[in-house]
Amino acid sequence: MDKNHLQRQLEMKRSLLDQGYLDEQFIQLEELEDGDNPNFVEETVTTFYANSARLLQNIEQALGSRPIDFTALDNCMHQFKSSSTSIGATRVKKECTLFMEYCEAANAEGCIRTFRQVKQEHASLKTKLENYFKLARQGGTSAGGHAGRS
Amino acid sequence: MWLKWWEKISENSWKIQHHYFQYIGSKRVAKAWWRKLLIAWVLGWTVVSLWIFCYMRLQVTEKRKETLASMCDERARMLQDQFNVSMNHIQAMSIMISTFHHGKNPSAIDQRTFARYTERTAFERPITSGVAYAVRVLHSEREQFEKQQGWTIKRMDTLEQNPVHEDDYAPEALEPSPIREEYAPVIFAQDTISHVVSLDVLSGKEDRENVLRARSSGKGVLTAPFRLVKTNRLGVILTFAVYKTDLSSNVTPKERIQATDGYLGGVFDIESLVEKLLQQLASKQTILVNVYDTTDHSHPISMYGSNVSDDGLQHVSTLNFGDPIRKHEMHCRFKQKPPWPWLAITTSVGILVIALLVGYIFHATVNRIAKVEDDYHQMMELKKRAEAADVAKSQFLATVSHEIRTPMNGVLGMLDMLMDTVLDVTQQDYVGTAQASGKALVSLINEVLDQAKIQSGRLELEAMRFDLRAILDDVLSLFSGKSQEKGVELAVYISDQVPEMLIGDPGRFRQIITNLMGNSMKFTEKGHIFVTVHLVEEVIGSIDVETESSSKNTLSGFPVADRRRSWEGFKTFSREGSTCPLSLSSSDLINLIVSVEDTGVGIPLEAHSRVFTPFMQVGPSISRTHGGTGIGLSISKCLVGLMSGEIGFVSIPKIGSTFTFTAVFTNGCSNPNEYKSQQIDNKSNPASSEFQGMTALVVDHRPVRAKVSRYHIQRLGAHVEVVSDLNQVLPYISGGKTVTNMILVEQEIWDRDSGISALFTNNLKNFDRGIPPKLFLLANSIGSSRTNAATSSVYTPLIITKPLRTSMLAASLQRAMGVENKGNPRNGELPGLSLCNLLLGRKILIVDDNNVNLKVAAGALKKYGADVVCADSGKKAISLLKPPHQFDACFMDVQMPEMDGFEATRNIRCMEHSINNWIQHGELSVEAYANISNWHVPILAMTADVIQATHEESLKCGMDGYVSKPFEAQQLYREVSRFL
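Chains A and B supply the protein sequences, listed in that same order. Every letter in the first sequence is one number past the one before it in full-length UniProt numbering, and letter 21, counting from 1, is 21. Every letter in the second sequence is one number past the one before it in full-length UniProt numbering, and letter 256, counting from 1, is 256.
Please keep in mind that the hints were generated in silico from the structure rather than gathered at the bench. Just so you know, these numbers come straight off a predicted model, no measurement behind them. We put the beta carbon where it would ideally sit given N, CA and C, even for glycine. A hint or two may mislead.
Stated by the list, open to error - Cβ-to-Cβ under 8 Å is the rule here; a few derived chain B residues that face chain A:
#1 Ser724
#2 Asn727
#3 Asn741
#4 Asn853
#5 Lys855
#6 Gly859
#7 Ala860
#8 Met899
Claimed, not checked - Cross-link-like lysine-lysine pairs, in silico, DSS-like; alpha carbons within 30 Å at most:
#9 Lys327/B with Lys63/B
#10 Lys707/B with Lys654/B
#11 Lys65/B with Lys134/A
#12 Lys205/B with Lys327/B
#13 Lys862/B with Lys128/A
#14 Lys862/B with Lys126/A
#15 Lys654/B with Lys526/B
#16 Lys244/B with Lys104/B
#17 Lys526/B with Lys439/B
#18 Lys147/B with Lys94/A
#19 Lys453/B with Lys439/B
#20 Lys439/B with Lys94/A
#21 Lys327/B with Lys439/B
#22 Lys147/B with Lys244/B
#23 Lys486/B with Lys774/B
#24 Lys65/B with Lys337/B
#25 Lys482/B with Lys439/B
#26 Lys453/B with Lys94/A
Starting from the given sequences, assemble the full structure and let the hints guide the process.
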């Protein structure tokens with residue numbers, strides 16, 4: 001059973017990596033997990049979502065106001081991108097980069113369009129990670145650690 | 001004048017040049033300016049040549065006019081003279097008449113006498129056609145006079161109106177003169193004009209006027225020109241009055257009229273006069289002469305000459321024939337039109353042509369310059385584009401290589417994971433192959449990335465402390481497997497004068513060495529590969545000493561290419577020997593010279609020139625047989641260049657190649673306060689103490705190889721002696737004062753004569769002075785030593801497999817000598833482990849506004865055992881880092897709201913500075929600040945974008961280094977090791 005779980009978890013992680021949702025940074029995060037710090041990855045991801053919810057709200061507000069303050073938008077997005085990079089959320093990061101480019105060009109329409117993408121990626125990653133952690137919890141052990149080391 | 005022009009021209013051209021240079025910068029301005037100048041030049045010279053033409057023409061005309069005037073005046077004067085001569089003679093005749101006709105009674109002259117006299121004196125008056133005398137007859141005397149003469153006085157005016165020809169001239173047909181107050185009938189006449197006898201002169205209009213004027217003035221008077229009665233030619237009549245008495249000069253005209261006796265007239269044939277005159281003169285043909293009576297200005301009467309109206313050049317000379325009332329003029333003209341002024345035309349045209357030519361030359365020059373400039377700009381543009389394209393290419397390469405690395409890492413990671421799963425042997429094999437290929441691919445990509453980085457100038461060297469010997473040991477161990485496999489001897493020798501620690505980029509240095517050695521390994525099948533490291537000064541100083549490395553005396557006995565020739569082209573050596581060492585010793589710079597010598601196939605002569613060209617290999621077959629991309633050497637060359645060194649080589653086909661390069665490093669031993677980190681780098685140090693004071697004996701007949709062995713053993717701290725033969729060993733041991741702890745015998749000697757070897761072992765076993773020295777065999781390859789071990793079964797010496805490396809040597813010796821290994825870390829230790837050692841228990845502050853990043857960074861550092869404190873703003877960091885504090889280091893995010901990392905660092909540094917100052921001045925006690933008088937917490941920037949500008953700014957504001965986010969163990973270790 002345990003092995004089965006592990007296998008499924010590995011498969012899932014690989015698909016996440018293959019589809020580009022995550023990158024090696026996530027693996028590195030998992031490597032940081034050890035006995036002292038058993039739920040490090042999950043904690044970090046939770047923090048990320050708590051943090052990002054606030055940031056996304058800020059960005060939404062900034063986009064709604066007229067005229068759009070692109071500097072503020074850029075600052076917010078930079079924060080968001082920075083934390084995305086930290087957990088290895090590549091897809092979200094890519095959209096963020098695009099968003100910041102639009103920001104630089106002061107392209108409001110592009111910003112709004114990309115922001116929709118950002119939110120979408122953000123949400124889909126959230127679902128996928130939740131599933132992944134659920135699987136990991138079901139396995140009962142911190143399988144991520146093993147996977148990371150291998 | 002020419003000279004002046006020339007000056008002007010040269011001045012102009014100088015000016016032009018001057019202006020040109022002034023304007024060369026602004027092309028457009030210069031171009032417009034040039035065009036204007038050219039037009040001005042052409043126009044100016046056209047005007048000048050026109051002016052010259054006019055001037056010269058004017059001169060010619062002037063001269064012509066002068067000639068005409070002088071000729072004309074000459075003619076006029078002569079005409080006048082001749083006329084005067086005739087006139088004087090007529091006047092003389094009038095005196096004769098007054099004397100002989102009126103003065104004598106009866107008259108001494110009659111018609112015949114007069115006619116004959118005049119006929120014979122005609123030569124005196126060459127221009128008079130005839131002379132006649134008319135007497136004054138009053139009406140009262142007419143009848144008596146007519147009777148006396150025998151004819152009636154006839155009137156003249158009818159004759160004037162109907163001029164008749166000489167032949168049918170009949171005086172009888174003329175009418176008698178009508179009754180008048182007085183008459184003046186001609187009584188004497190020269191034969192040529194005898195027909196005028198009896199004609200009343202007063203009845204002729206012209207004659208009457210003439211007569212009246214002559215008698216009242218008492219001078220010679222001229223008529224207007226008229227057609228002569230008989231000859232029908234133009235003539236004038238000169239009339240002199242004959243008076244009864246001699247009159248004084250102041251008598252009134254009335255008295256003159258009263259005293260008049262008669263009138264003497266002479267007919268002048270002007271036409272023939274002028275003709276004759278002109279015939280006398282030369283150049284008669286060149287000019288045309290006209291003579292006019294201009295008494296009435298509005299109607300001048302032509303006296304001579306064709307009446308051709310020509311408005312060309314003419315000259316007028318006045319004639320004075322002695323009659324004040326009558327005025328005469330002579331008009332002269334040239335017969336021919338003035339010739340074309342060829343001189344003026346050619347001169348001006350010539351000047352114009354020259355000017356145009358000069359203008360054309362200027363124009364052509366300007367055009368040429370403009371064209372060249374255009375071409376130049378175009379070339380520059382093209383060059384820029386080409387360079388841009390090159391940079392773009394490099395960037396593309398860099399990007400692509402970088403991008404390939406990421407998925408490749410995924411592939412390799414997955415392969416790793418796959419290997420951990422349950423696989424059968426075949427699968428294992430496949431995965432292993434895949435992984436090896438993947439790794440090869442990644443290393444290739446790394447090479448390409450390096451090349452691209454170098455080409456786009458983005459490669460930067462690090463400056464960190466490293467142990468050169470350790471690095472070479474590392475590289476050696478990398479190749480040891482292969483060298484043993486091939487049976488190629490591998491050795492490293494580093495001069496004692498090279499400092500223990502150097503500061504530079506060990507990774508890149510290692511890359512160069514690895515590359516050169518890899519090449520040598522590829523192409524060497526037998527013999528040796530020998531790496532030597534010296535100081536440049538050493539090599540310069542002892543070039544003669546180095547001759548020992550002659551072709552015979554080499555590491556393996558195979559001949560080698562003379563390595564001194566490989567650095568012949570180096571600038572460091574071509575400089576004067578005296579200045580070079582001075583400049584080096586004055587600073588902390590260490591100038592290393594590294595040679596890699598092999599006994600391989602060598603490089604064909606024709607390929608020597610492109611050895612360092614990227615992607616160029618000796619031939620296409622090379623890449624087939626030996627693999628590789630051919631960029632290694634070019635990267636090495638660039639890296640050497642970055643280390644301000646040079647690389648060169650010498651190669652003899654079939655004998656071998658020697659590559660030599662120099663590199664400049666900083667001496668790492670000069671700052672003892674940073675010695676802490678040396679411990680980590682210098683792994684061989686702990687071992688050295690155990691062999692301190694021991695003596696080793698190396699038996700080797702090759703001095704070069706012995707030197708290498710000695711070098712390695714000496715590094716362990718042992719004393720080394722060298723003998724060249726086994727037979728010398730026993731005498732040495734027994735005779736020496738010190739105890740010999742170990743004997744290291746070169747395998748070659750050992751194998752040379754198994755008898756001697758056996759004997760030697762026996763002798764050694766029976767050696768009775770204290771502990772017998774341990775016997776070691778320095779073997780080249782595992783295989784060969786094994787076979788030998790079987791033969792010398794009596795006293796099996798311990799085999800140390802070459803290449804000699806300090807760590808390996810130490811381990812072998814320790815094993816044999818029983819010296820306890822204290823478990824010092826092995827050579828290829830992971831940085832993670834050292835990081836653990838480094839960071840264990842350290843108190844580190846992490847500052848980042850983003851709590852996700854904070855968490856991740858903290859997690860990473862905690863993993864290495866650090867005690868992590870987090871702060872989420874620059875302000876918090878400042879308050880936490882206010883001395884005294886316990887932090888060993890601080891990781892600071894650069895981009896934070898409110899106060900960014902740079903500003904926070906500046907504040908912290910400022911704060912530290914002031915506290916340090918206070919402590920120094922005793923205003924604060926050192927005790928209150930944990931006995932630290934110089935506060936300086938290492939602050940490392942954390943950035944996602946590791947670009948040079950950020951790096952520089954971070955250093956500027958007082959940071960000590962930077963790490964990229966997310967953390968990478970290697971980089972983290974490198975940065976942290978500098979401070980902790």
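Hints, one by one, checked against the model:
1. Ser724: violated, 54 Å
2. Asn727: Interface hint status for Asn727/B: violated (58 Å vs cutoff 8 Å).
3. Asn741: The hint is violated - Asn741/B has no Cβ within 8 Å of chain A, the shortest such distance being about 45 Å.
4. Asn853: holds, 5 Å
5. Lys855: Holds: closest Cβ of chain A sits about 5 Å from Lys855/B, inside 8 Å.
6. Gly859: holds, 4 Å
7. Ala860: At about 6 Å, which falls below the 8 Å cut-off, the nearest Cβ of chain A leaves the hint on Ala860/B intact, so it holds.
8. Met899: violated, 14 Å
9. Lys327/B with Lys63/B: Roughly 28 Å between the alpha carbons, so the hint for Lys327/B and Lys63/B holds.
10. Lys707/B with Lys654/B: Holds: Lys707/B and Lys654/B sit about 26 Å apart, inside 30 Å.
11. Lys65/B with Lys134/A: With a Cα-Cα distance of about 130 Å, the restraint between Lys65/B and Lys134/A is violated, given a limit of 30 Å.
12. Lys205/B with Lys327/B: holds, 19 Å
13. Lys862/B with Lys128/A: holds, 28 Å
14. Lys862/B with Lys126/A: Holds. Lys862/B to Lys126/A sits at ~26 Å (cutoff 30 Å).
15. Lys654/B with Lys526/B: With a Cα-Cα distance of about 11 Å, the restraint between Lys654/B and Lys526/B holds, given a limit of 30 Å.
16. Lys244/B with Lys104/B: It holds: about 12 Å lies between the C-alpha atoms, which stays within 30 Å.
17. Lys526/B with Lys439/B: holds, 28 Å
18. Lys147/B with Lys94/A: Cα-Cα ~161 Å, so violated.
19. Lys453/B with Lys439/B: holds, 20 Å
20. Lys439/B with Lys94/A: The given pair, whose Cα atoms are some 28 Å apart, holds under the 30 Å limit.
21. Lys327/B with Lys439/B: violated, 132 Å
22. Lys147/B with Lys244/B: Satisfied, since the Cα-Cα distance of roughly 23 Å is no more than 30 Å.
23. Lys486/B with Lys774/B: This hinted pair holds, its Cα atoms lying about 29 Å apart.
24. Lys65/B with Lys337/B: Since the Cα atoms of Lys65/B and Lys337/B sit roughly 13 Å apart, the hinted pair holds (cutoff 30 Å).
25. Lys482/B with Lys439/B: The hint holds at about 18 Å.
26. Lys453/B with Lys94/A: Holds, at roughly 25 Å.
Comparing the model with each numbered hint stated earlier shows that hints 1, 2, 3, 8, 11, 18 and 21 do not hold.
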